[in-house]
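Colleague: Listed here are the chains, written in short residue letters.
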Amino acid sequence: MPQVTLTVNGKQHTVDVEGRTLLVELLREKLGLTGTHVGCDTSQCGACVVHVDGISAKSCTMLALQAEGCAIATIEGLAAADGTLHPMQEMFREHHALQCGFCTPGMVMSAIDMVNSHPQGLTEKQIREGLEGNLCRCTGYHNIVKAIAAAWPLMHQKAAAAE
Amino acid sequence: MAFDGIGASVRRKEDARFLSGRGHYTDDMNRVGQFHAFIKRSDRPHATIDSIDTAAAKQAPGVVAVYVGADMAADNIGGLPCGWQIHNKDGSPMAEPMHPVIATGKARHVGDPVVVVIAETKQQAKDAAELVNIDYTDLPGIATMQEALKSGAALVHDDAPGNLCYDWHIGDKAVVDGVFANAAKVVKLELINNRLVPNAMEPRAALGDCDPFSGDYTLITTSQNPHVIRLLMGAFVLHIPENKLRVIAPDVGGGFGSKIYHYAEEAIVTWAAGKLHRPVKWTAERNESFMSDAHGRDHVSTAEMAVDADGHFLGLRVSTLANMGAYLSTFAPCVPTYLYATLLAGVYKTPVIYCEVKAVFTNTVPVDAYRGAGRPEATFLLERLVDCVAQETGIDRVELRRRNFIAPDAFPYQTPVALQYDSGNYQATLDGALAAADYAGFAARRAAARTRGKLRGIGVSTYLEACGIAPSAVVGSLGARAGLYECANIRVHPTGSVTVFTGSHSHGQGHETTFAQLVSSQLGVPIDQVEVVHGDTGKIPFGMGTYGSRSLAVGGTAMVKAMDKIITKGKKIAAHLMEASVDDIEFKDGVFSVAGTDKKKALVEISLAAYVPHNYPIEELEPGLDETAFYDPKNFTFPGGCHVAEVEVDPDTGVTEVVNFVAVDDVGRVINPMIVEGQVQGGVAQGIGQALLESAVYDASGQLLSGSMMDYTMPRADNLPNIKVGTEITLCTHNPLGVKGCGEVGAIGSPPAIINALVDALKEYGVRHIEMPATAPKLWSIINAARPRMAA
Numbered sequence: 000m001p002q003v004t005l006t007v008n009g010k011q012h013t014v015d016v017e018g019r020t021l022l023v024e025l026l027r028e029k030l031g032l033t034g035t036h037v038g039c040d041t042s043q044c045g046a047c048v049v050h051v052d053g054i055s056a057k058s059c060t061m062l063a064l065q066a067e068g069c070a071i072a073t074i075e076g077l078a079a080a081d082g083t084l085h086p087m088q089e090m091f092r093e094h095h096a097l098q099c100g101f102c103t104p105g106m107v108m109s110a111i112d113m114v115n116s117h118p119q120g121l122t123e124k125q126i127r128e129g130l131e132g133n134l135c136r137c138t139g140y141h142n143i144v145k146a147i148a149a150a151w152p153l154m155h156q157k158a159a160a161a162e
Numbered sequence: 000m001a002f003d004g005i006g007a008s009v010r011r012k013e014d015a016r017f018l019s020g021r022g023h024y025t026d027d028m029n030r031v032g033q034f035h036a037f038i039k040r041s042d043r044p045h046a047t048i049d050s051i052d053t054a055a056a057k058q059a060p061g062v063v064a065v066y067v068g069a070d071m072a073a074d075n076i077g078g079l080p081c082g083w084q085i086h087n088k089d090g091s092p093m094a095e096p097m098h099p100v101i102a103t104g105k106a107r108h109v110g111d112p113v114v115v116v117i118a119e120t121k122q123q124a125k126d127a128a129e130l131v132n133i134d135y136t137d138l139p140g141i142a143t144m145q146e147a148l149k150s151g152a153a154l155v156h157d158d159a160p161g162n163l164c165y166d167w168h169i170g171d172k173a174v175v176d177g178v179f180a181n182a183a184k185v186v187k188l189e190l191i192n193n194r195l196v197p198n199a200m201e202p203r204a205a206l207g208d209c210d211p212f213s214g215d216y217t218l219i220t221t222s223q224n225p226h227v228i229r230l231l232m233g234a235f236v237l238h239i240p241e242n243k244l245r246v247i248a249p250d251v252g253g254g255f256g257s258k259i260y261h262y263a264e265e266a267i268v269t270w271a272a273g274k275l276h277r278p279v280k281w282t283a284e285r286n287e288s289f290m291s292d293a294h295g296r297d298h299v300s301t302a303e304m305a306v307d308a309d310g311h312f313l314g315l316r317v318s319t320l321a322n323m324g325a326y327l328s329t330f331a332p333c334v335p336t337y338l339y340a341t342l343l344a345g346v347y348k349t350p351v352i353y354c355e356v357k358a359v360f361t362n363t364v365p366v367d368a369y370r371g372a373g374r375p376e377a378t379f380l381l382e383r384l385v386d387c388v389a390q391e392t393g394i395d396r397v398e399l400r401r402r403n404f405i406a407p408d409a410f411p412y413q414t415p416v417a418l419q420y421d422s423g424n425y426q427a428t429l430d431g432a433l434a435a436a437d438y439a440g441f442a443a444r445r446a447a448a449r450t451r452g453k454l455r456g457i458g459v460s461t462y463l464e465a466c467g468i469a470p471s472a473v474v475g476s477l478g479a480r481a482g483l484y485e486c487a488n489i490r491v492h493p494t495g496s497v498t499v500f501t502g503s504h505s506h507g508q509g510h511e512t513t514f515a516q517l518v519s520s521q522l523g524v525p526i527d528q529v530e531v532v533h534g535d536t537g538k539i540p541f542g543m544g545t546y547g548s549r550s551l552a553v554g555g556t557a558m559v560k561a562m563d564k565i566i567t568k569g570k571k572i573a574a575h576l577m578e579a580s581v582d583d584i585e586f587k588d589g590v591f592s593v594a595g596t597d598k599k600k601a602l603v604e605i606s607l608a609a610y611v612p613h614n615y616p617i618e619e620l621e622p623g624l625d626e627t628a629f630y631d632p633k634n635f636t637f638p639g640g641c642h643v644a645e646v647e648v649d650p651d652t653g654v655t656e657v658v659n660f661v662a663v664d665d666v667g668r669v670i671n672p673m674i675v676e677g678q679v680q681g682g683v684a685q686g687i688g689q690a691l692l693e694s695a696v697y698d699a700s701g702q703l704l705s706g707s708m709m710d711y712t713m714p715r716a717d718n719l720p721n722i723k724v725g726t727e728i729t730l731c732t733h734n735p736l737g738v739k740g741c742g743e744v745g746a747i748g749s750p751p752a753i754i755n756a757l758v759d760a761l762k763e764y765g766v767r768h769i770e771m772p773a774t775a776p777k778l779w780s781i782i783n784a785a786r787p788r789m790a791a
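Just so you know, the protein sequences line up as chains A and B, in that order. Residue numbers for the first sequence follow numbering that gives the first Met the number 0, beginning at 0 and rising by one. Residue numbers for the second sequence follow numbering that gives the first Met the number 0, beginning at 0 and rising by one.
Because the hints were derived from the structure by calculation, they are not lab data. Idealized CB from N, CA, C, for every residue including glycine. Hints may contain errors.
Chain A stretches covered by chain B per the calculated footprint, using a threshold of three residues with CB under 8 Å from any CB of chain B [what the hints assert, rightly or not]:
1) 35 to 47
2) 64 to 78
3) 93 to 102
4) 141 to 149
Excised from the complex, chain A in its bound form (with noise of 0.2 Å):
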């Protein structure tokens, strides 16, 4: 069975998998890292989705052999070691963006993205368009583009600052 050597959260694995084990499997399966969700098997609802060398990708939609090599960041990576929330969970939190949970880490994952990827700044409309690829069915979206727009300032202060 083939090998794929890869880093989850800062830590590195290798691990036995089949040739169609898709990334998805290796993390909930391999490595009981079950914050990943499946929601479809068409790419379409973006609860899979996890950090691949910082970009956000859906992990159902990658083998993990094609991992090889890579840095997968993960939801349950987020938070500090003390618990302390990742500005991001913060404004999901205080929004009140999250009714049942189970779209919630791919959307996190990839609203962090899409606010690392804006530096400029993110209209609302920019920040809907950037959910296309993660189904909500309980909020209606209006939190999760309140809690996202309200990320952004904190997280980018938080990186002026550490500049």
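Chain B: place on chain A using the hints.
Modeller: Just chain B now, with coordinates in the frame of chain A:
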């Protein structure tokens, strides 16, 4: 400390685990030694199963068992039960054909389970299923109700002649016909309520386990009501007594009704675990959700309103066909009857109403309650018809509504269709919504849109619904085979913290927060010392679960009743400790005090005494501070309100933009405004989805065409507007909290508001009605067809 009592937007206790990937959904759970089930489903709408060759699959790597319907029959496994019996006009019971767990003899819809393959891994089970050969003989597929009812149509079930499940009615037809015969005007509308696929984001999953030594079964499942599943599956399907069956519904990723029902897969994994003495897990792929989760809506109706010369409604006459699909899902028969026809008075004082409903079997996925369940169908019909009455009488549609509203001082109000409304103020919600939507300023916005080449319209919907289902004796007399009370157990621990065990189930509603707020404020215990436990028959005394926006009205009231018992007992303990008469003990903000003195004891002192009863009235009082209450509601609750939608249509493409949406609802007392607002926004999103985007489509043979999220249009962030939510409260008069329910109002009020707005936008094209979903091609066709005529 910030105010966190009733009325505060407390941030949710459950969020931290969901936001950090530490939720525990069914598919996240695994048991040592578990096998995986894959279900091979019928790809035929209607076919006899002539033979099934499983030999190759049984030899495939990792396969431990392959089961077909005959294997379950050999174990004396019954069919899946239906929980509600409707009677025909002539008093005879509805047709209730067998619903096999695994199809036997015939497959009746695309998605019907035919073969179960169980293997060491999910992939092995799926691979082996490819090796199963099923010989089918196709039968004519019945895709629509109109086809099903044709004389000579193929029968979905041999014991349901004419494909008719029931032919039911409510009201006095002769009286209503008489009113119509003498009315100044009759306005008629034929309309369809489109079939929807619920699509909770978490696909269904089930993990069955059985301890071969004790015979104890456990089922972990994606359910809104684990006790109902234990009752139905244990008593009627697998014959496992309740004491040997534990059903756990852990974190559940959305339900919207679709996770109420007892599904075949729950029985399959539990039964197979018992046979194989190993845990068996099944998780739906999304395509299975489309072809096996109960669908919603699917009505075809004719509606007529009789009006006098001044536009007063004199009578309503409705005839509806309701699709049941291929089998009766758990609560399907009550949806188009007691949750639909009884709502046809709406917010209006229409004096007489007659409604007849034919429920029809077709070769499609079973249909059952989906967010709103009958009330969206009633509301869409009524609010579209009212707009047609306005159009045809020339009376302004808002004025027409006001003219026919039940007055704020008319409560309790007895409708002609069985329900008695306890409270409401439809003028107030209408006024609130019109103000928030700047209805008065619409003409200027329409003119401005015109200069941009856009067709702008505004639509109003004034709706009412029934929640808090329901008084057991009433629903029992109407055919329910269950009681619809709720149970709560409040456990005050020795050192004063509290655990609340509730029979309600949270799958997005935020009960862990709202219920904690309620208990915290009533018992005076800090909210972080109140824990809410739900979703486990092993922990909770009993429960009927969460649907019909009932959790606070029914489940919350059970909590209040249990807390009353805690306080009553606490007063006795306090009276003993403070050497006072129990009649003199008062309880407020977590403190028992002797009236007129400075003597007091905190709840924690009382709970400690209850569990360490050294100085305690042990002769009269048992130790402990742990009380259970069951609450059977006295009536339904009746939320209502007004939704206003404003849309712009691009005449060149037919694309609709919802530019403004306002919902002003009366949901009774609000515990957590943030959560209520979120519930309404989510419901409105599903309503806009129904109105503009969503539709389950079958071809003429019964093949499901919209079988994935690539084919079925789920609302996305850029399809939806910001949704402004307001409330105008009247209190429910028959529960102690005055609460009504907020989970479904959004999905009920919004579809007609959207369609009314579209008809308004397109009125110059001679449009009277637009069927849902009002997709861009549909609107473009309407506009394009009318253009040459308008140019001429």
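Colleague: Now tell me, hint by hint, if it's right for this structure.
Modeller: A quick look at each hint next to the structure:
{"no.": "1", "hint": "35 to 47", "verdict": "holds (count 10)"}
{"no.": "2", "hint": "64 to 78", "verdict": "holds (count 5)"}
{"no.": "3", "hint": "93 to 102", "verdict": "holds (count 8)"}
{"no.": "4", "hint": "141 to 149", "verdict": "holds (count 4)"}
When held up to the earlier numbered hints, the structure conflicts with none and fits them all.
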